[in-house]
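A.B. asks: Residue numbers (the working numbering), protein chains in the order written: chain E, 1 to 107; chain G, 1 to 1012; chain V, 1 to 192.
Be careful, since some hints might not be right.
Unchecked claim - Derived CB-CB ranges, DEER-like:
1. Glu658/G <-> Thr85/E: 35 to 41 Å
2. Lys991/G <-> Gly20/E: 31 to 37 Å
3. Ala433/G <-> Glu138/V: 50 to 56 Å
4. Gly20/E <-> Pro591/G: 34 to 40 Å
5. Thr85/E <-> Ser36/V: 21 to 27 Å
6. Asp891/G <-> Gly10/V: 49 to 55 Å
7. His652/G <-> Asp37/E: 57 to 63 Å
8. His652/G <-> Gly155/V: 45 to 51 Å
9. Ala158/V <-> Gly32/E: 58 to 64 Å
10. Ala50/V <-> Gly157/G: 50 to 56 Å
Please keep in mind that the hints were generated in silico from the structure rather than gathered at the bench. We treat Cβ as the ideally placed atom computed from N, Cα and C, and that holds for glycine.
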Amino acid sequence: MLILDCPCCGRAADETELEGGGEAHLTRFGPGASDDDFERYLFLRGNPKGVHFERWRHAYGCGKWFLAARCTTTLEVFGTYAAQTTAPPPEIVAAIKARRPNWEAPV
Amino acid sequence: MSTRLDHGGRLIDRDRPVTFRFNGKKMPGFAGDTVASALLANDRVMVGRSFKYHRPRGIVAAGPEEPNALLNMGRGPRFEPNQRATTTELFDGLEAESQNHWPSLEYDVGAINQLASRLLPAGFYYKTFIHPRPAWKHVFEPVIRNSAGLGKAPKDGDADRYEHFYWFTDILIVGGGIAGLQAALTAATSGLRVTLIEQTAHWGGRAPVDGAEIDGEWADEWVQGAVQALETMPNVTLRTRLMGAGVYDHGYVLGYERVSDHSPADDQPRHRLWKIRARQVITATGAIERPLSFPGNDLPGVMLASAVRDYAVNFAVSPGQRTVVVTNNDDAYLTALALVDVGQTVPAIVDARPAGGGELAQEVANHGVEVHLGAAIAGVTGRSRVEGVKITAQTGTGTDPTEIACDCVAMSGGWSPVVHLWSHCGGKLTWNAPLAMFQPDPERPPTGADGQGFVTAAGVAAGVPIERAGEGLSNFQTLRSATEAAQSVCVRLGRSVGDAAMPAVREVETAPLAPVWIMPDGADIRLREKMWLDFQNDVKVSDVQLAAQEGFESVEHTKRYTTLGMATDQGKLSNINGLAVLSKALDAEIPQVGTTTFRPPYTPISMAAIAGEARGKTFQPLRRTPMHDWHAANGAHWEPVGHWRRPYCYLHGSETPEQAVAREVRNTRANLGLLDASTLGKIVVKGPDACRFVDMLYTNKMSTLKPGRCRYGLMCSENGFLSDDGVVARIDAQTFLCHTTSGGADRIHAWMEDWLQCEWWDWQVYTANLTEQYAQIAVVGPNARKVLEKLGGSLDVSREALPFMGWAAGRLAGFDARAYRISFSGELSYEISVPAATGAEFWDLLIEAGEEFGAMPYGTEALHVMRAEKGFIMIGDETDGTVIPQDLGLDWAISKKKDDYLGKRAQERSHMTDPERWKLVGLETMDGSVLPDGAYAVGAGTNANGQRNMVGRVTSTYHSPTLDKGIAMGLVLHGSDRMGEVLEFPGTDGKTTRARIVDPVFYDPAGEKQNA
Amino acid sequence: MPEARMAWNGAAFDGLAQVRELPVQGMISLRGDLASAPVQNAATEVTGAAMPGPRGVEGAGDSAIAWMSPDELLILLPHGTVQDALARMDAVLAGEHALALDMSDARAVFEVEGPAAREVLAKLCPVDLDPAVFGPGEMRRTRAAQIAVAFWQSGPHAFRLICFRSVAGYLFDLLKGAAHPAARVGVFDPSA
Ligand SMILES: [Zn+2]
């Protein structure tokens, strides 16, 4: 049962207040995109064992979406941050590196 | 003979006698007894039969590890099977029955199984019943079904109440023995919030029973002092009868409080499930004694040495007059001393160790008790209870034993720390070889959100650091470990603790334990077949050895193959012994063979406690519209729509629902129908970028909609599939009101917010879900305008002022109202919305005003029939998450001019543009009957599996009261090009229905009525 | 004028705490940039309450401002004054990108009052209700069993809860069950 700090309202939210939204930082591809790009956007997910960036909505709280960097094996949370980003911010990357020195940010 | 002693019993109150029934027989007991202690006090040694062989079984333990004494408790709506006699507190009037026997506990037919035990070896489930196949069906299964299972399933609804409780604490300490108390005393000095929970009704755990001396006083007195001190501290919460059931991620702990199991008449909730969030958890859960594996160790009267001590000291019950103690460690000598103390006879101590014990052994010897060193029990005599033991050399094969008469055997195979809670969330174990036990590895604790350990074991539950293993599981070690655990936990939480007072403890010098896994060591198969490892599931030493022989090397596989440790006690007594036997059979070290995974709950908890408030009226939220009560009072036949309840139809007199629906349809088409449409989703979208946003949401170009006008629109997922539909009203330049389906309001609102927050966060748009703010009523039929005009008010509903697909706001009979001229039925129709708090009154008014125009309410089914007659699709009927709007002939609602909308790219994929996709058509049966819902149409030829090719399916089907025949819609291969063709729909009843492909608009294709 | 009916007919229950439905409360949902002066002014002018910070609620009784999310306020007003207040707010918000809507009818309001009120809520909501942690001035949006609720402390031993109107009966039944007179937990400091 996770607890995630919602960066939007500042509450430590119990998992039962949250809704998961899958992998974060996907790039949307629309009309005109190649089949490969569109496939990647719509269907392909990293599903990593280890560090994962994911979308959460504080559904029963402030209603806002936010992002979390979390380890899928230990459930360690490296940080939560605003959904209005296209890549993990430097402080999140630093927090992950501090705990997982061999981890490389996906390109 | 098992009896109540005349004196003593630290937990019973002799001034409060109680009466209970066991298998119908009245028996006396005392307040403070457990059912087990009261049964033993009444010489009820045998309390049940085992699962597989139906062997007689007696009480073995005095706590949650008890494998045998599982009883049916209570009756009627308070009946519950599989209740542990050892953890059930006695109360006046309690009723208990033994389980797993027929016709009676004493004479049991199933016991024949034990004569056939050679035929029911390890893995018998997998071996015996495979061949011959018919034997399984006709012989084995009926027999197994009749004799299997433990208790009876309850027949009545549960009469009790259950609830949840959310609790937050800095430090949760599980276990109220001396370790837990000492940890609490230490941690409390930090000022942090400390919660100490204990599964039994009593503080102190084992130490008072074992006669420990702390700070110069008997442990019981020290415990009382500690509890009193803790009770005065505002930052400490103490709770008994509250078991730590499971430890989960991020410091989540489930606590199981048995609030009123011991006082069922007092109207309290029976159980309370605590949902605890702790920043740090200390497990001070103690240890469980292990049985010894000697032949006949399952006979009633063979008990754990510690349990014999518990019954004597806590309940003044002596399970035997003559008790033989058998052990491989010093601890069991305490039992001999306790028994001698209360005047019972200990004819012999059988100590497997050639050198015997330490200081306690000396004390026992001083009492003149005979001690056999290097000795073993080679057999237990007696049929349904102990009559004697055969003593032999531990190193031998069990030949030439000496027989000693006794009626109780107290055994101790050493102790295993209770590591369950430590392990639940990933804490790892390490093998302590000198003490032959698994214990928590403090280097590999369960980790929390910060990646750091959040569970710390304390006291006996922590085991003993290997370098101090020589000290054994001493009281000093227990208190030191508890103190250190509390200190380190406080430091982890950023608080310093003062030098906690470490109480002085009188220490006893002990001799080391000898790992003894079977006795005697050289026992042959005949003896090993009588050594029980798992009492409840009837797993013997020979079964585990056979499994090893057959190639089962993994302990997890062996466990499943033999069913070792898979009974309701989850192997609390059997796991380590079974593992040791397996490792020996595999000639490997115990830690190499590994241990099984511990999973929550620690002991079974009631299903009702898990459900909590979610039963009866509060099983699920039930959503009611403002007019709900009117519907209920006027014959509503309900239909669940999500959590909403909507009238399916309104039953008049003795009407069937079908008749009511037909009446409602005809009346609406002929006169006036009223529909409670309040459940429709209503979402406001406003802002400078609102146009841009609705153009992305909907497939059509919504931004060209003029204020005051409405337009039907479709929303698709990024997969291109149709997800929701509804009418959009343009409120003003920057504002749209989007209607969604009843089930879709929350989902679509969340969908909008997702795109605004996570993709187009620079767009200036706000949304709000207004669904519950308004009651909405569809006023439908040729007389719709008349009734609204009769209401009067500033809202002009005339054809000129409010044409089809227009909307207007104003007052209707004093109500603030909006009228949307939209139609889902093909009739002249207005949807009127008023503030929800006035909805019921407005409905009443319409019913009354409509009377002269033939007004009748109609329900969801009439709505569905009328929309089908008109050829309108329904989300969830024509769509199923694989259907795109193009399949439904809705191309007119898809903008070709827009560069983008959600789902557009997906609809360009080759499979989506495939001309072979099935298309929506109308279906008209040849004989006027109603097509079966979901029926498939078959075409020529067969597929690769030899099945007839399918060329279409029915998506919705009704009897049309208007046309008086069966009408349907369906998706059909090349459907729109096959008008007039007749398809065959084979039904599940073997009959085939023939239907002609027609235009899906069955009623008023020119739209004259809705435009009227 | 039609009467504004309560969602659950003003139901009341006396147990561990007094549970009662309150009359329809005037409510305006205001979405906008909470740092902007017009948005702040619109909220404070119609209520007379101060602007709350994140997670806060300011004001008293029927007139208050509650912080709902980084771009949303809930404005509480006496029921009859909402339309007038909305008109005043529209004037203050002219030219501002904001959304102000009457939400009075969308919700039901309950009060839970009594020394055991905290534990009644703690049976239903995953919230730390320790008096040292949750006190006056705080708006908590969370869930009660299976529905969304929000609550704040409205008196020494009193809390107000709001939920959607359609589930008022469910919330009342939940509260009634949690406040069963024989279901005392007794773990919060009763003096707090
Ligand atoms: Zn939040």
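A.B. asks: Does each hint hold? Answer for all of them.
C.D. replies: We went through each hint and held it up to the structure:
no., hint, verdict
1, Glu658/G <-> Thr85/E: 35 to 41 Å, "57 Å, violated"
2, Lys991/G <-> Gly20/E: 31 to 37 Å, "47 Å, violated"
3, Ala433/G <-> Glu138/V: 50 to 56 Å, "55 Å, holds"
4, Gly20/E <-> Pro591/G: 34 to 40 Å, "38 Å, holds"
5, Thr85/E <-> Ser36/V: 21 to 27 Å, "23 Å, holds"
6, Asp891/G <-> Gly10/V: 49 to 55 Å, "53 Å, holds"
7, His652/G <-> Asp37/E: 57 to 63 Å, "60 Å, holds"
8, His652/G <-> Gly155/V: 45 to 51 Å, "50 Å, holds"
9, Ala158/V <-> Gly32/E: 58 to 64 Å, "59 Å, holds"
10, Ala50/V <-> Gly157/G: 50 to 56 Å, "52 Å, holds"
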